[in-house]
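Enquirer: Construct all of the structure, not just a fragment, from the sequences and the given hints.
Protein chains in written order, with the numbering used here: chain G, 1 to 255; chain C, 1001 to 1277; chain F, 2001 to 2305.
Simulated from the structure, these hints should not be mistaken for laboratory data.
Be a bit skeptical, because a hint or two may be false.
What the hints assert, rightly or not - Below, simulated PhoX-like cross-link-like pairs (lysine-lysine); rule was C-alpha separation at most 25 Å, straight line:
(1) C/1022 with C/1258
(2) C/1089 with C/1022
(3) C/1077 with C/1272
(4) F/2198 with G/74
(5) C/1089 with C/1073
(6) G/67 with F/2198
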Amino acid sequence: MSAAISITDLQVVYDRFHALNGVSLEVEAGESFGLVGESGSGKSTLLRAVAGLAPVSAGTISVNGQKLGPRRDKAFYRQVQMVFQDPYGSLHPRQTVDRLLQEPLAVHGIGDGETRIQRALDEVGLGSGFRFRYSHQLSGGQRQRVAIARALILEPSILLLDEPTSALDASVQAEVLNLLEEVRRARGLTFLMVSHDLAVVTHMCGRLMVMRNGETVEMLSAAELATRQASHDYTQRLLAASDGFVRHPGTFSPG
Amino acid sequence: MTPLLDVDDLRVTYPTRTGEIKAVRGVSFSLGRERLGIVGESGSGKSQTGRAIMGLTPPQAVVTARTLAFDGKDMLKMTPRERRALRGKRIAMILQDPKYSLDPVMTIGSQIVETLRAHENVARAEARDRALSMLEAVQIRDPKRVFNLHPHEVSGGMGQRAMIAMMLIAGPELMIADEPTSALDVTVQLDVLGILDRLVSTHGMGLIFISHDLRLVSSFCDRVVVMYAGKVVEQLPASELHNAEHPYTRGLLDCMPKIGADRHPLPVLARKAEWAT
Amino acid sequence: MSEIARTRREWLLSERPASRLQARLGRAYVTWRRFSSNRLAMVGLGIIVALLVVAALADVLAPQSATIGDLKNARLLPPSSAHIFGTDDLGRDILSRIIYGSRLTLYVVALVAIIAAPVGLLVGTVAGYAGGWIDAILMRITDIFLAFPKLILALAFVAALGPGIENAVLAIAITSWPPYARIARAETLTVRNSDYIKAVQLMGASPFHIVLRHIMPLCISSLIVRVTLDMAGIILTAAGLGFVGLGAQPPLPEWGAMIASGRRFILDQWWVAAAPGGAILIVSLGFNLLGDGLRDALDPRSGGQ
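Expert: The following block contains the structure:
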């Protein structure tokens, strides 16, 4: 059994609103899989449901062959970790980087914190100079690196990425994307990545799923997307939109 | 012929207890009836530039310029009253998120009517008719219904269209749009830009489009000003962007992932200290 | 500035601290600088420090005994060089009584803060984080306490427990935790859905751990501010209980009780009531100024910049 994440007919309902309506998905171990859609498409909800942060009302989620119940145990969180969208909101404002990285080790009773923290900081390219800083002393890109280090310090096999670069400047985005690719290669991680940016997803992922209104629109490979072989109309529209603005001189109304 | 807007050596400085923060450090450009894009990353001073032109910087900010002239008249020499009369009537501004720039307790229609009557002496009925036709012009399908809705009852895209309608109702000559579509979904983004584009062309307005998105700006604007650390590093026609000379502009263009381009790892921008001097 | 002082300052303000200690001290130093730039807050701090010094050195500072007076020669003497604030109806030196009374005031204030603040913090954070029926039960209990005027409730408790300063402290503590619980709950509600709390949940941390280690530290600063601002009210409540005879019992030199006993002579021998009244006023003002200064210095919103 090689599926890292396997989801069947997943439904998430918030106050009678169907945020996710029967979505199925299979992600192979070591694969990088993208979820694309606009706001309200349910892409983030899907990610949160896997992490145990959204109420699942029907359907099943399995991770590394094990079916998940409504409560996740500690062992689950050593396999699956998440990086959040907003680097300004995902770090505790009163804790140093050191304390942030210490926390997961303390929760799981892991020793040799000293070397692990040092190694984690080196791995995300921050070095020891950042170890005792508070989050307000860091830039957006540095914060996101800390968040990645925090996710990696438990050595998970699956990383959930919720728009990890959409709050960053383009130049910083490139650095963080490169970092993510690097750690994936080095550790053989499985990525499940959410983004509204088709270019980012095709860059990072081998396969992707286009979502809309809590449902699957279509599933296709990055190569198919790159050659614009999307069968669905909505995907074509997203593709066109990501090219930028196109002026249609014919549509000018004469008044 | 005098340009619509002439900015020469604009500086915005914030005095703080530990020294001055220079947000904008000598920006110069001029604008005719065209679409000018101002691009930069966070902290480049692009939004501060837009706000300084609009006269919306916070009171502690010090704004200086050799010239900051709108239609030949220096705005820094105007009285606050004259400046206020200019705002909304001849210069309008659209902000990023319509949720924060529309009054939550007033209906969309009455806000537009209010704006119009603040600048022109028109009867209520006429103002209402013009507001409705303006809502129609921003391609709102059922203007009568939207007229009576409150801002929280409409979607982001609809809110931003209402915002554009409100800003355009007094017939401004210059429009400053600060990240007008960043809070919107990509497909809605293009619809809103299409509306903005059409209205700017038909009204013959000047437009300053402030954005972090180089790709969007280059496809939408006629001319692009690239800012870095409070300064203009390069000014060039949008069609010539791929021939940009400054390493910062090139780096910025280069580091974005593109569909169909297989580049691993992505080239990163190597910042040089001399760009900021 | 000397060379050593300058390098020490640079060490404290370093952008890249090299140890846990340096990071913590640096943060404390920044807070202190923000606090000390507020002149009124420094006045408040000065008053409170003076109160602490007076209380600690009461045996040395007090010129005479606080409880034994000269009934024959020194009853109700006006202020003079021998008795700066005069004497009371039992011939006791009022200055000495005020100096010893500072100990009682500090005792009351400190005990109330130590009992009420943690109770409020615990109830508020647990209610806010747990939500659901736990929240409903805890908050309804809080509401019941809030529904009574503070002094009346304290009076009822003291009447039931019996007069005395320990019972007064207990009564005041019991009546003053509910506002802290409300503040802590409100603060908890704003942070419980933030991504950084979600991130800790995703580590598999227990709710108890999250409340204790991540939510409480965020609520503490606004609680400290609120407690400091309430100190003045606590002193006044204690004085009020003393005034109606349910607080400290004679011959303890409690300020409120002193005013109560001076009331009988207020028209002819005004200093008997005025001196302890002035002391209460100054200390209350001191705590209020300190609290205002702390609010500005500890405000988590300005902590980022």
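Enquirer: Now tell me, hint by hint, if it's right for this structure.
Expert: Hints, one by one, checked against the model:
no.	hint	in the structure
1	C/1022 with C/1258	violated (34 Å)
2	C/1089 with C/1022	violated (30 Å)
3	C/1077 with C/1272	violated (37 Å)
4	F/2198 with G/74	holds (15 Å)
5	C/1089 with C/1073	holds (15 Å)
6	G/67 with F/2198	holds (22 Å)
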